[in-house]
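Here the structure of chain A is known, so what remains is to put chain B in place on it, guided by the hints.
Those protein sequences? They're chains A and B, same order as listed. Residues are numbered in the numbering used here as their position in the first sequence, beginning at 1, plus a constant of 1. Residues are numbered in the numbering used here as their position in the second sequence, beginning at 1, plus a constant of 1.
Rather than coming from a laboratory, the hints here were simulated on the basis of the structure. Fair warning: there could be bad hints in the mix.
Said to hold, decoys possible - Below are the DMTMM-like pairs computed for lysine to aspartate or glutamate, each with C-alpha atoms no more than 25 angstroms apart in a straight line:
no.: 1; chain 1: B; residue 1: Lys58; chain 2: A; residue 2: Asp25
no.: 2; chain 1: A; residue 1: Lys58; chain 2: B; residue 2: Glu35
no.: 3; chain 1: A; residue 1: Lys16; chain 2: B; residue 2: Glu36
no.: 4; chain 1: A; residue 1: Lys40; chain 2: B; residue 2: Asp25
no.: 5; chain 1: B; residue 1: Lys55; chain 2: A; residue 2: Asp4
no.: 6; chain 1: B; residue 1: Lys40; chain 2: B; residue 2: Glu63
no.: 7; chain 1: B; residue 1: Lys33; chain 2: A; residue 2: Asp4
no.: 8; chain 1: A; residue 1: Lys33; chain 2: B; residue 2: Glu36
no.: 9; chain 1: A; residue 1: Lys15; chain 2: B; residue 2: Asp4
no.: 10; chain 1: B; residue 1: Lys16; chain 2: A; residue 2: Glu63
no.: 11; chain 1: A; residue 1: Lys43; chain 2: A; residue 2: Glu59
no.: 12; chain 1: A; residue 1: Lys43; chain 2: B; residue 2: Glu32
no.: 13; chain 1: A; residue 1: Lys43; chain 2: B; residue 2: Glu36
no.: 14; chain 1: B; residue 1: Lys15; chain 2: A; residue 2: Glu44
no.: 15; chain 1: A; residue 1: Lys40; chain 2: B; residue 2: Glu59
no.: 16; chain 1: A; residue 1: Lys55; chain 2: B; residue 2: Glu44
no.: 17; chain 1: B; residue 1: Lys15; chain 2: A; residue 2: Glu20
no.: 18; chain 1: A; residue 1: Lys16; chain 2: B; residue 2: Glu44
no.: 19; chain 1: B; residue 1: Lys40; chain 2: A; residue 2: Glu35
no.: 20; chain 1: A; residue 1: Lys55; chain 2: B; residue 2: Asp25
no.: 21; chain 1: B; residue 1: Lys40; chain 2: A; residue 2: Glu59
no.: 22; chain 1: A; residue 1: Lys40; chain 2: B; residue 2: Glu20
no.: 23; chain 1: B; residue 1: Lys16; chain 2: A; residue 2: Glu32
no.: 24; chain 1: B; residue 1: Lys58; chain 2: A; residue 2: Glu59
no.: 25; chain 1: B; residue 1: Lys47; chain 2: A; residue 2: Glu32
no.: 26; chain 1: A; residue 1: Lys67; chain 2: B; residue 2: Asp25
no.: 27; chain 1: B; residue 1: Lys33; chain 2: A; residue 2: Glu63
no.: 28; chain 1: B; residue 1: Lys16; chain 2: A; residue 2: Glu20
no.: 29; chain 1: B; residue 1: Lys15; chain 2: B; residue 2: Glu36
no.: 30; chain 1: B; residue 1: Lys33; chain 2: A; residue 2: Glu60
no.: 31; chain 1: A; residue 1: Lys33; chain 2: B; residue 2: Glu63
no.: 32; chain 1: B; residue 1: Lys47; chain 2: B; residue 2: Glu60
no.: 33; chain 1: A; residue 1: Lys33; chain 2: B; residue 2: Asp25
no.: 34; chain 1: A; residue 1: Lys15; chain 2: B; residue 2: Glu20
no.: 35; chain 1: B; residue 1: Lys47; chain 2: A; residue 2: Glu59
Stated by the list, open to error - Covered by chain B, per the in silico footprint, the following chain A stretches (three or more residues, Cβ under 8 angstroms):
no.: 36; stretch: 14-26
no.: 37; stretch: 31-37
no.: 38; stretch: 54-64
For glycine and all other residues, C-beta sits at the position ideal for the given N, C-alpha and C.
Number of protein chains: 2
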Amino acid sequence: MADLPIAAVVRIAKKSGAERVGSDAAAAILEKTEEYIAKLTKESNKLAMHAGRKTIKEEDVELAVKSV
Amino acid sequence: MADLPIAAVVRIAKKSGAERVGSDAAAAILEKTEEYIAKLTKESNKLAMHAGRKTIKEEDVELAVKSV
Chain A
2 MADLPIAAVV RIAKKSGAER VGSDAAAAIL EKTEEYIAKL TKESNKLAMH
52 AGRKTIKEED VELAVKSV
Chain B
2 MADLPIAAVV RIAKKSGAER VGSDAAAAIL EKTEEYIAKL TKESNKLAMH
52 AGRKTIKEED VELAVKSV
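Chain A extracted, bound-state conformation (with noise of 0.2 angstroms):
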């Protein structure tokens, strides 16, 4: 089950220059945006407890992009 709601996944899409975007693909662009979430919180996690932290803070995040 989907924790993103897919009106506003294709909303962004067509903000993004999608002029259709089909059902099929819609539902694949939500998973793989979940998916990618799920990486960057992981490797933001992994960056704040090697800075001694459990708080994750806009600086790993910063830093994870880079490698996700």
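Positioned in the frame of chain A, the structure of chain B alone reads:
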């Protein structure tokens, strides 16, 4: 203005093992996620057009995800 709901993004982050996510970090994850959707969509759209279609299909997304 973000299109994705921040609560849903944080929920996925927690599911992925983040113990605590600072509000600045949550905003950063949201921003990076919207950028990811934009990149993935642009690449998918390019591939759809390359295949002579105006509608993005799942196969475009699956191929696009490898290069973003």
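Verification of the hints:
1. B:Lys58 x A:Asp25: 6 angstroms, holds
2. A:Lys58 x B:Glu35: OK: A:Lys58 and B:Glu35 at ~18 angstroms, within 25 angstroms.
3. A:Lys16 x B:Glu36: Holds, at about 11 angstroms.
4. A:Lys40 x B:Asp25: 18 angstroms, holds
5. B:Lys55 x A:Asp4: At roughly 28 angstroms apart (the allowed maximum being 25 angstroms), A:Asp4 and B:Lys55 break the hint.
6. B:Lys40 x B:Glu63: Holds, at about 13 angstroms.
7. B:Lys33 x A:Asp4: With a Cα-Cα distance of about 17 angstroms, the restraint between B:Lys33 and A:Asp4 holds, given a limit of 25 angstroms.
8. A:Lys33 x B:Glu36: Satisfied, since the Cα-Cα distance of roughly 13 angstroms is no more than 25 angstroms.
9. A:Lys15 x B:Asp4: 12 angstroms, holds
10. B:Lys16 x A:Glu63: 20 angstroms, holds
11. A:Lys43 x A:Glu59: Between A:Lys43 and A:Glu59 the Cα gap is close to 14 angstroms, so the pair holds against 25 angstroms.
12. A:Lys43 x B:Glu32: 17 angstroms, holds
13. A:Lys43 x B:Glu36: Given that 25 angstroms is the threshold and the Cα spacing comes to 18 angstroms, the pair holds.
14. B:Lys15 x A:Glu44: With Cα atoms ~13 angstroms apart, B:Lys15 and A:Glu44 stay inside 25 angstroms; holds.
15. A:Lys40 x B:Glu59: With a Cα-Cα distance of about 21 angstroms, the restraint between A:Lys40 and B:Glu59 holds, given a limit of 25 angstroms.
16. A:Lys55 x B:Glu44: Between A:Lys55 and B:Glu44 the Cα gap is close to 36 angstroms, so the pair fails against 25 angstroms, i.e. violated.
17. B:Lys15 x A:Glu20: Given that 25 angstroms is the threshold and the Cα spacing comes to 34 angstroms, the pair is violated.
18. A:Lys16 x B:Glu44: Holds, at about 14 angstroms.
19. B:Lys40 x A:Glu35: 15 angstroms, holds
20. A:Lys55 x B:Asp25: Satisfied, since the Cα-Cα distance of roughly 15 angstroms is no more than 25 angstroms.
21. B:Lys40 x A:Glu59: With a Cα-Cα distance of about 21 angstroms, the restraint between B:Lys40 and A:Glu59 holds, given a limit of 25 angstroms.
22. A:Lys40 x B:Glu20: 15 angstroms, holds
23. B:Lys16 x A:Glu32: Roughly 15 angstroms between the alpha carbons, so the hint for B:Lys16 and A:Glu32 holds.
24. B:Lys58 x A:Glu59: 34 angstroms, violated
25. B:Lys47 x A:Glu32: 20 angstroms, holds
26. A:Lys67 x B:Asp25: 18 angstroms, holds
27. B:Lys33 x A:Glu63: Within the cut-off at roughly 9 angstroms; holds.
28. B:Lys16 x A:Glu20: 33 angstroms, violated
29. B:Lys15 x B:Glu36: Since the Cα atoms of B:Lys15 and B:Glu36 sit roughly 21 angstroms apart, the hinted pair holds (cutoff 25 angstroms).
30. B:Lys33 x A:Glu60: 13 angstroms, holds
31. A:Lys33 x B:Glu63: 9 angstroms, holds
32. B:Lys47 x B:Glu60: 12 angstroms, holds
33. A:Lys33 x B:Asp25: Given that 25 angstroms is the threshold and the Cα spacing comes to 23 angstroms, the pair holds.
34. A:Lys15 x B:Glu20: With Cα atoms ~34 angstroms apart, A:Lys15 and B:Glu20 exceed 25 angstroms; violated.
35. B:Lys47 x A:Glu59: 32 angstroms, violated
36. 14-26: That given contact holds, which follows from 11 residues of the stretch 14-26 of chain A lying within Cβ reach (below 8 angstroms) of chain B.
37. 31-37: holds (count 4)
38. 54-64: holds (count 8)
Hint compliance for this structure: hints 5, 16, 17, 24, 28, 34 and 35 are broken, all remaining hints hold.
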